[in-house]
Amino acid sequence: MTLRVWIPLLVVVGIAVLLGIAGGAVPMAPTDVLRALLGDGDPTQVAIVQNLRLPRIALGLAVGAGLAVSGAALQTTLRNPLAEPYLLGVSGGAAAGAVAAVTLGLASSALLPLAAFAGAVTAVVVVLLVARAVAGHADPRVLLMAGVVVGAFCTALIMVALATAPENTVRGALWWMMGSLGDAQWRGVRWVALYVALGIGLLVTWARDIDVLALGEDAAASLGLPVERVTRRIYFAASLLAAATVAGAGLIGFVGLIVPAIGRALGLRNTREALLASALAGAALVVLADLLARTLLRPAELPLGAVTALIGVPFFLWRLRRMR
Amino acid sequence: MIRFDNVVLQYPQAPEPAVKGVSFDVPPGRITAVVGPNGSGKSTLVRALLGRLPLASGQIMLGDRPLSALDRRDVATQVAVVPQREEPVFPLPVPDYIALGRYPHGGPFSGRNAEDRAAIATAVQRADVAVFADRSTDQLSGGEWQRVRIARALAQGGQTLVLDEPTTFLDIAHEMAVFELLDALAREGQGILLVSHQLNLVARFADHIVLLHRGRIAAAGSPGDVMRGEVLERVYEWPLVVSRDPAIGAPVLVPLRGRGSR
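So the sequence lines, in the order shown, correspond to chains A and B.
Heads up: the first sequence is residues 19 to 342, going by our numbering.
Heads up: the second sequence is residues 984 to 1245, going by our numbering.
Treat each hint with caution, since some may be false.
What the hints assert, rightly or not - Restraint-style ranges between C-beta atoms, simulated for each label pair:
(1) B:D1117 with A:W24: 21 to 27 Å
(2) B:R1095 with A:T223: 16 to 22 Å
(3) A:A181 with B:G1022: 50 to 56 Å
(4) B:S1093 with A:P184: 55 to 61 Å
Read the hints as simulated data drawn from the structure, not as lab findings.
All C-beta atoms in this analysis are idealised placements derived from N, C-alpha and C, irrespective of residue type, glycine included.
Construct the entire structure; sequences and hints are all you get.
The following block contains the structure:
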């Protein structure tokens, strides 16, 4: 591992965190930020930093790292640079779960993430079953197509549910579908961080398997890798990782798509390095995007999912051009 | 040594088996070639070796143990397969790519040990790919890529090397380079199973040829035994003659024109 990659990445994450704490509806000077972090200084600023901004940034770090690692693992495993967790039914399933909870009147802040998580897991299981029924095994191309179709089906379900729901319910569900770190509280953040750490830990452990899978099914089999079992396992872990982030912060697209491309542009070819670099870059990206969401049209707050899409789409188009 | 013993293979939902009772050996130190028309079952045999198609009946023996009783990782340390198609979506530096051949020997977090480094160095030297060390897998020509793939398979360290159509898209010089490399490897004691369409080259390089026709062995033996006009004509369903190369004395197949006028 070259320090030339890791030191700048760590510095960027550190800067993103400090900017994220300092910026917002009430901007703060750097010295005030440091004092508030140490719990000393103006009590209002201490409260803002420790109870509002820190949990929000911690959630942003966890969500960004989770989405980016999930995307990096899926792109390499499915041998498709355009694969990402949201393309594979995870987001659709999570949104359908959340909307179902909202329209059934279960929209307490504790239940919504659970419903989203359950929806995402259901969608992932359906995708795997569809792929197995169609192709007889976890064929990467079929997995991708099954994910797209299951996602589209979930969107249809959401539209049906929202068309018949009362207006204030619709607004709450829509806000959640646009993604936000605004509801971050330490208790919820801890759970998301735990799931994300678990997911990243598993995928990093399996990094050598992912390296081998990237060669193609026959080559991986000739190296002694049980292709179908390992593909399913990685797909499932990566999807759960994305589902945990969706449960924590709603739908935040494009992070899982563009961050792995950044890792490759940095010259990281080894999957373990690429996953860890993606975790850092994704964490920084989401914290900075959230800072933009909070400050661009102050005092109004933009939906985070819209900001990441505004950054992600031009980047995506640029990559698409490079691929030709 | 690999022994195919009355192997029957059938794809799911296929009306009949793709391979119907095939037996032959792949001994060390020799090139054993499997030839035959499209759909005769050549690549299906490779799929079975890869464990991607279960045996309907019969047995594939690796040494004195059946393939089905062995862990796939153990198989991979004894038999290295260069599959027909392989295009890495994300290019790798050539040394990293070759090092992946050591995958079956290591755990999830084990680094390269002395044995790995020695196996990689030997593979690089035998396949003569040291000159590509600074390149990435997407910066190689077709022939160079095949040699690098063979180097990866050699780094696996098994006694048997299996190649499925290794020269399909190569020009004459690169094709000859691959065949010469296989010949040299066989003389060093490596067992080689070669699936190929290149009958004339196979006839010059192989020690033993197995000719498949619709899942069965139509002929097997030395190149002289198998390269007979009447056998090949029946199997390939095309008029042809087998002559003898005046320079080297190897049998040469020449397909004829004018099928309709026959």
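> Falls inside 55 to 61 Å, the C-beta gap from S1093 (chain B) to P184 (chain A)?
Replying inline: 59 Å, holds
>> Range first: 50 to 56 Å. Now tell me if the beta carbons of A181 (chain A) and G1022 (chain B) are that far apart.
In response: 53 Å, holds
> That 21 to 27 Å hint for D1117 (chain B) and W24 (chain A) (C-beta), does it hold up?
Replying inline: 23 Å, holds
> At the C-beta level, are R1095 (chain B) and T223 (chain A) separated by a distance inside 16 to 22 Å?
Replying inline: Given about 18 Å between the Cβ atoms, the range holds.
In summary, this structure violates none of the numbered hints.
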